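Peer 1: Protein chains in written order, with the working numbering: chain U, 4 to 187; chain P, 271 to 658; chain C, 540 to 885; chain R, 240 to 483.
Check each hint, because a few of them may be wrong.
Just so you have them, the derived chain P footprint on chain C, three or more residues with Cβ under 8 Å [stated by the list, open to error]:
hint	segment
1	760–768
2	796–803
Only part of the chain P face toward chain R is listed, based on derived beta-carbon distances under 10 Å [as the list claims (entries may be wrong)]:
hint	residue
3	PHE472
4	LEU481
5	GLY484
6	ILE497
7	GLY503
8	SER509
9	ARG570
10	GLY574
11	ILE619
12	ILE629
13	TYR638
Heads up, incomplete: computed chain U residues facing chain C, CB under 7 Å, no partners named [stated by the list, open to error]:
hint	residue
14	ARG24
15	ARG50
16	ASP52
17	ARG55
18	LEU56
19	PRO60
20	GLN67
21	CYS107
Please keep in mind that the hints were generated in silico from the structure rather than gathered at the bench. All values derive from a computational prediction rather than experimental measurement. A virtual CB, placed ideally from N, CA and C, is assigned to each residue, including glycine.
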Amino acid sequence: MGLVEQGKIPKPLTWLMNYSRKYSLWMYQWGLACCAIEMGAALASPRYDMMRLGVIPFPASPRQADLIVVSGTLTDKMAPALKRLYEQMPDPKYVISMGSCANCGGPYWDSYSVTKGVDQIIPVDVYIPGCPPRPEALLQGVVLLQERIQNEEMGPRWRGEPIIVGQPGAHDHLPETAVAVSSA
Amino acid sequence: MAVTEQQQQAFIGKHLAEAQVAVELQDEDMVLNIGPQHPATHGTLRVVVKLDGERVVAADPVIGYMHRGYEKLTEYRSYPQVTTLINRIDWLSSFANEVPFIHAGEQIMGIEAPPRAVYIRTVLTELSRIATFLLFLGEMGAQVGAITPVFYGFRDREYVLNLIEAATGGRFHPNFNRIGGLKDDVPAGWIAETRRMMDKVFESCDTFENLLEGNEIFLARTKGIGIIPGDVGKGYGVSGSNLRASGVDWDLRRDAPYLAYPEVDFKVWTHPGGDSWSRYWVRLQETREAARIVVDLLDRLPSGPVMAKVPRIIKVPPGESWVRVENPLGEMGYYVVSKGATGPFRVKIRSASFSNVSILPWLLKGVYVPDLITILASLYFILGDIDR
Amino acid sequence: MTAAASTLALEIPWGVLLGAKVMIILTLLPLTALILGYVFLMKMMAHMQSRLGPMDPGGFHGWFQLIGDGIKFIQKEDVMPADADRRVFALAPMIILISTFVVYAVIPAGPRLVVEDLEVGIFFALAVSSLSVIGVLMAGWASSNKFALLGALRAAGQLIAYELPLVLAVVGVIMQAGTMSLQGIVGAQANGEIFGWGAVGNPFVLTQAVGFVLFLAAAQAELTQTPFDMPVAESELVAGYQVEYTGFRWLFFQMSEYATAFALAGIAATLFLGGWYVPGVEGTAADVLGPLVLFAKIMAISFVIFWVRFTYPRFREDQLQAMAWKYLIPLSLLNILVTGILKVVF
Amino acid sequence: MPDDDLTDAEEPAAAEEPAAADEPAAEEPAILPEHVGMLAKLQADLGDALVEAVSNHGDLVVRVRNDAWHAAALAARSRLDCEYLSFISGIDWTSRPDPPNWDPDAPSSPVQPKEVTYGAAGSDGRFQVFAVVESTDDKIQVILKTDVDEADPHVASWTDVYPGADWHERECWEMFGVRFDGHPSLRHIYLPGEFEGHPLRKDFPLLSREVKPWPGLVDVEAMPGGAGEEAGDETAEAVAEGGE
């Protein structure tokens with residue numbers, strides 16, 4: 004393990020491990036509002052069929068999940084539950100924030116009970132704009148996340164350091180689009 | 271079904287005494303916290319149940335995890351902005367949400383939408399009903415353990431969403447209604463396409479019927495489970511298909527006519543059972559009926575404009591209006607109070623699911639945990655519609 | 540490999556031989572789980588639901604999906620709930636895996652292709668496969684989670700209730716074959732006659748059709764698959780007794796679930812469909828063809844198991860118990876009775 | 240909607256005048272013929288506790304005295320056979336204090352008139368509780384209203400008449416701070432237990448609005464070739480749609 008933490012593992016092994024993680028995104032569906040239905044459509048509708056990309060929507064328990072898609076409006080009452088659930092997930096874990104509400108509060112920006120953005124509670128890897136985003140948008144979000152995972156370095160991940168998008172150095176190799184959309 | 275007043279009062283009294291203490295309980299009973307995020311609650315409902323083995327002794331639904339403060343937000347928004355917002359109350363049938371609010375505005379302003387707009391509104395309302403119910407039919411299977419129907423539900427729903435998208439430009443939240451009519455006419459070829467798709471809807475209804483109706487296990491899981499007597503349901507304000515499944519012959523489309531429903535001949539389906547199976551069955555029939563209404567209306571779609579003459583900036587004169595309609599989930603109403611500004615003064619949103627779910631403490635007493643799931647699925651609520 | 544191991548048994552020290560056998564099963568176990576999981580869970584289910592299932596992983600029809608899952612689960616953080624009974628929590632998936640592991644040892648895949656041809660093979664297989672109940676109970680209890688506990692108790696009740704029809708369904712076969720050795724049962728079917736006509740042997744499915752159906756139903760329950768999946772019912776108990784497991788421990792659960800499905804399908808194929816036997820093929824040729832034939836039969840049976848799984852809703856706990864005690868067990872007893880009478884008469 | 244005529248739209252203006260606590264029909268909003276019978280039945284039970292009644296857009300609106308709220312429910316239920324409870328809610332008739340940065344000219348910021356006016360059937364104070372009950376057999380509905388004291392807002396609970404009133408009253412208590420006497424447990428229903436204030440009171444501020452009245456305005460671009468009120472309105476609507 005020491006070798007991994009120093010980032011000294013052979014390239015093919017890193018590739019294989021990243022490749023496995025990339026195509027084995029067991030997804031916990033944190034369906035909250037309208038976006039949850041579009042997420043459901045992306046998963047269950049044969050037209051979108053997110054399973055094609057290796058996103059497996061089976062786990063009903065966060066303990067077995069790698070990816071959590073927060074889709075919909077997060078309220079202040081719900082926020083502690085989300086935080087707790089995120090902490091229940093084992094590392095390495097990824098978060099997709101789907102829809103305007105999850106990104107920033109969306110149409111409820113002035114509400115007294117809505118949390119203005121999931122990223123106030125948990126770190127987010129990919130933001131998907133839209134109200135609600137079409138299922139295709141979620142598919143693209145997943146693809147962007149997969150690109151990131153493929154290019155991930157094992158060292159920081161195993162040391163438990165947060166991966167920060169846009170930080171100079173660590174993720175310069177990412178495709179332009181990934182950084183642009185994921186930090187949009 | 272015959273429950274006397276006295277019996278009902280007894281039920282209610284008992285429930286009120288017990289349901290409240292569900293959270294603080296003795297040690298011997300197991301308290302299970304289902305939700306707020308649980309596969310069965312399709313959304314963020316939380317049910318705290320006191321268990322004796324697998325039997326529910328008391329249940330206390332905790333709502334509000336999706337409360338977004340709609341009624342407050344509407345006070346800060348202009349009429350078009352409110353229309354945008356209220357699409358997202360019952361997100362499965364957004365178009366149907368808009369209609370009563372627009373009606374309330376039109377009523378206070380004394381405007382009538384042109385007949386073509388009224389017809390198209392009716393068609394789109396029924397289409398959103400079909401989309402909602404198709405998802406229900408699939409979801410119901412999934413909740414009792416059959417995974418496949420939900421995929422069929424999503425697949426067939428997609429056809430209907432396509433139609434809504436083609437007409438309104440919005441797949442999910444059309445925001446197509448304006449005070450005085452519609453934003454646009456339907457595109458060319460849409461009517462023929464809709465007719466064709468209605469055939470698909472009939473087909474998929476048959477599929478669901480074949481998949482689940484003849485299935486012994488499905489019947490065993492739903493028949494006699496979660497019986498709502500009509501009288502009790504009315505007292506709780508249960509409405510829509512849930513109430514019709516309890517044998518109450520009450521459909522606002524027929525009994526408080528609005529849109530083009532008076533001009534359509536349709537059947538109001540009821541079932542005397544009151545159990546989960548009846549609710550499933552009634553919705554299945556209503557899906558077919560909705561498709562029939564759509565076909566019928568399309569045959570007689572009048573020509574003409576789709577927008578009445580209204581000022582560019584909508585200012586609704588002082589007044590108040592209460593409009594309720596038969597949404598897919600039940601009775602949805604808006605009590606709009608206007609003081610003559612560009613935005614409403616107060617909007618009370620009466621949403622169907624809130625009342626439908628308020629019966630849960632009464633209904634869940636004494637059922638098994640698996641039945642709890644069946645009941646939740648068959649009541650069919652949308653969290654946004656409960657919490658607003 | 541197995542053939543080599545068996546024929547060369549005399550020259551190889553006992554320890555090495557045991558090691559080789561363990562290695563063989565250790566490779567077979569995840570491999571079979573992979574095949575079932577990929578073919579049925581990923582692809583067949585998707586196609587039944589008019590979808591495609593995994594396509595991207597690996598490039599060709601998502602063949603890499605489950606391998607990737609395996610490698611990923613090994614990389615995951617190993618979380619143990621703070622209140623968990625740590626030792627029991629860690630041991631539970633092992634016990635379940637071992638119970639499956641041992642069943643593999645007695646299923647014959649050819650005349651010489653069997654790890655251990657026990658005299659009481661079928662008895663042994665069913666006995667060890669029921670060990671998994673203990674693992675399930677341990678998992679549910681140690682997780683210190685109410686959903687897990689409910690799931691484990693449901694599972695225990697269910698597995699015990701369905702162990703009985705499973706064994707009773709087999710009794711008919713044992714009576715007809717006159718032996719408890721799985722090789723013996725294959726032989727009995729190969730040489731058996733139906734009404735005096737023995738050209739294709741007598742796969743017991745012909746004479747023990749009721750037993751076959753009972754066995755499949757009980758096996759479905761043993762596997763906690765729909766319609767008997769109350770213990771892991773997603774819409775009720777989240778994931779039942781597995782709810783707190785992460786990473787490779789959970790992988791063990793999944794692996795043993797599919798490996799057990801494979802093993803039970805293997806037993807069913809051996810008991811009722813004639814096992815590895817191909818009419819007219821003997822000796823080394825049977826050792827080559829046998830595994831293939833057995834595999835085909837296993838896949839056919841698994842197909843039925845998973846078909847039911849993806850189609851049916853699930854029973855309620857009480858309905859499930861009623862099904863076992865009111866229908867399956869009396870029916871299997873009747874089956875034994877009739878078999879006994881026919882055995883005496885003919 | 241289609242069966243409404245233009246004259247209906249005028250009537251609220253009349254009802255808006257300061258409430259007089261005498262019998263209705265003094266003004267033009269006459270009781271519709273189909274409501275006369277219903278009103279008479281209620282009148283028989285409630286007597287002079289029935290303060291005012293009007294027909295508003297085809298609905299019968301009845302205002303009762305605060306102490307007769309429970310009797311009104313019983314009367315509606317037994318006399319009119321209104322077994323179905325649609326909802327119970329409240330209204331705060333005062334005008335909202337505008338936030339500090341509020342721009343009254345921005346088309347997206349509706350400005351309510353400052354003077355306090357009351358709706359159909361009038362009111363004599365800040366808070367009102369109103370409810371809709373329906374009869375599913377006779378296909379009729381009644382809107383019941385009652386005034387609530389501003390200093391000590393309370394009214395009788397309906398939970399023993401309509402079981403569904405439980406949640407509606409909890410909601411009304413949470414939103415307006417109106418206590419319902421006899422309600423088994425007035426707990427928070429939507430908001431977390433530690434939430435302070437009653438959001439639907441007009442003086443409850445939306446903090447985001449205080450900071451920034453309308454964030455969408457920064458995105459507004461001048462419409463090509465269009466200036467003035469029309470273009471401005473269109474833009475605002477476009478912003479509302481695009482931004483949400």
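Peer 1: None of the hints should be skipped; say for each whether it holds.
Peer 2: Cross-check of the supplied hints:
1. Here the segment 760–768 of chain C counts 3 residues with a CB under 8 Å from a CB of chain P, which clears the bar of 3, and the coverage holds.
2. Against chain P, the segment 796–803 of chain C contributes 0 residues with a C-beta closer than 8 Å to a partner C-beta. That does not satisfy the three-residue criterion, and the hint is violated.
3. About 30 Å separates the beta-carbon of PHE472 of chain P from the nearest beta-carbon of chain R, more than 10 Å, and the hint is not met.
4. The interface hint given for LEU481 of chain P is broken, as the beta carbon of that residue sits about 33 Å from the closest beta carbon of chain R, more than 10 Å.
5. Hint status for GLY484 of chain P relative to chain R: violated, with the closest Cβ pair at about 33 Å, above 10 Å.
6. A distance limit of 10 Å between C-beta atoms decides the matter here; for ILE497 of chain P the minimum to chain R is near 16 Å, and the interface restraint is violated.
7. Annotation: interface hint on GLY503 of chain P holds; nearest CB of chain R at approximately 9 Å, less than 10 Å.
8. Satisfaction of the interface hint for SER509 of chain P is found here, the shortest Cβ-Cβ separation to chain R being roughly 8 Å, below the 10 Å cut-off.
9. Given the 10 Å rule on beta carbons, the hint for ARG570 of chain P is violated: about 15 Å separates it from the nearest Cβ of chain R.
10. Given the 10 Å rule on beta carbons, the hint for GLY574 of chain P is violated: about 14 Å separates it from the nearest Cβ of chain R.
11. Taking 10 Å as the C-beta cut-off, the interface hint given for ILE619 of chain P holds, the closest approach to chain R being about 9 Å.
12. Taken as an interface hint, ILE629 of chain P checks out: its beta carbon lies about 7 Å from the nearest beta carbon of chain R, inside 10 Å.
13. Given the 10 Å rule on beta carbons, the hint for TYR638 of chain P is violated: about 24 Å separates it from the nearest Cβ of chain R.
14. Proximity of ARG24 of chain U to chain C holds as hinted, the smallest CB-CB distance being about 5 Å (cut-off 7 Å).
15. Annotation: interface hint on ARG50 of chain U violated; nearest CB of chain C at approximately 9 Å, more than 7 Å.
16. Here the hint on ASP52 of chain U is kept, as its CB sits about 4 Å from the closest CB of chain C, short of 7 Å.
17. Using the Cβ-Cβ criterion of 7 Å, the hint placing ARG55 of chain U at the interface with chain C is satisfied: the shortest such distance is roughly 4 Å.
18. The beta carbon of LEU56 of chain U is positioned within 7 Å of a beta carbon in chain C (closest approach about 5 Å), and the interface hint is therefore held.
19. A cut of 7 Å between beta carbons decides the hint on PRO60 of chain U: the least distance to chain C is about 11 Å, and the hint is violated.
20. Taken as an interface hint, GLN67 of chain U checks out: its beta carbon lies about 5 Å from the nearest beta carbon of chain C, inside 7 Å.
21. Evaluation of the CYS107 of chain U hint against chain C yields a violated restraint, the C-beta minimum of about 30 Å exceeding 7 Å.
Hint violations for this structure: numbers 2, 3, 4, 5, 6, 9, 10, 13, 15, 19 and 21, all remaining hints satisfied.
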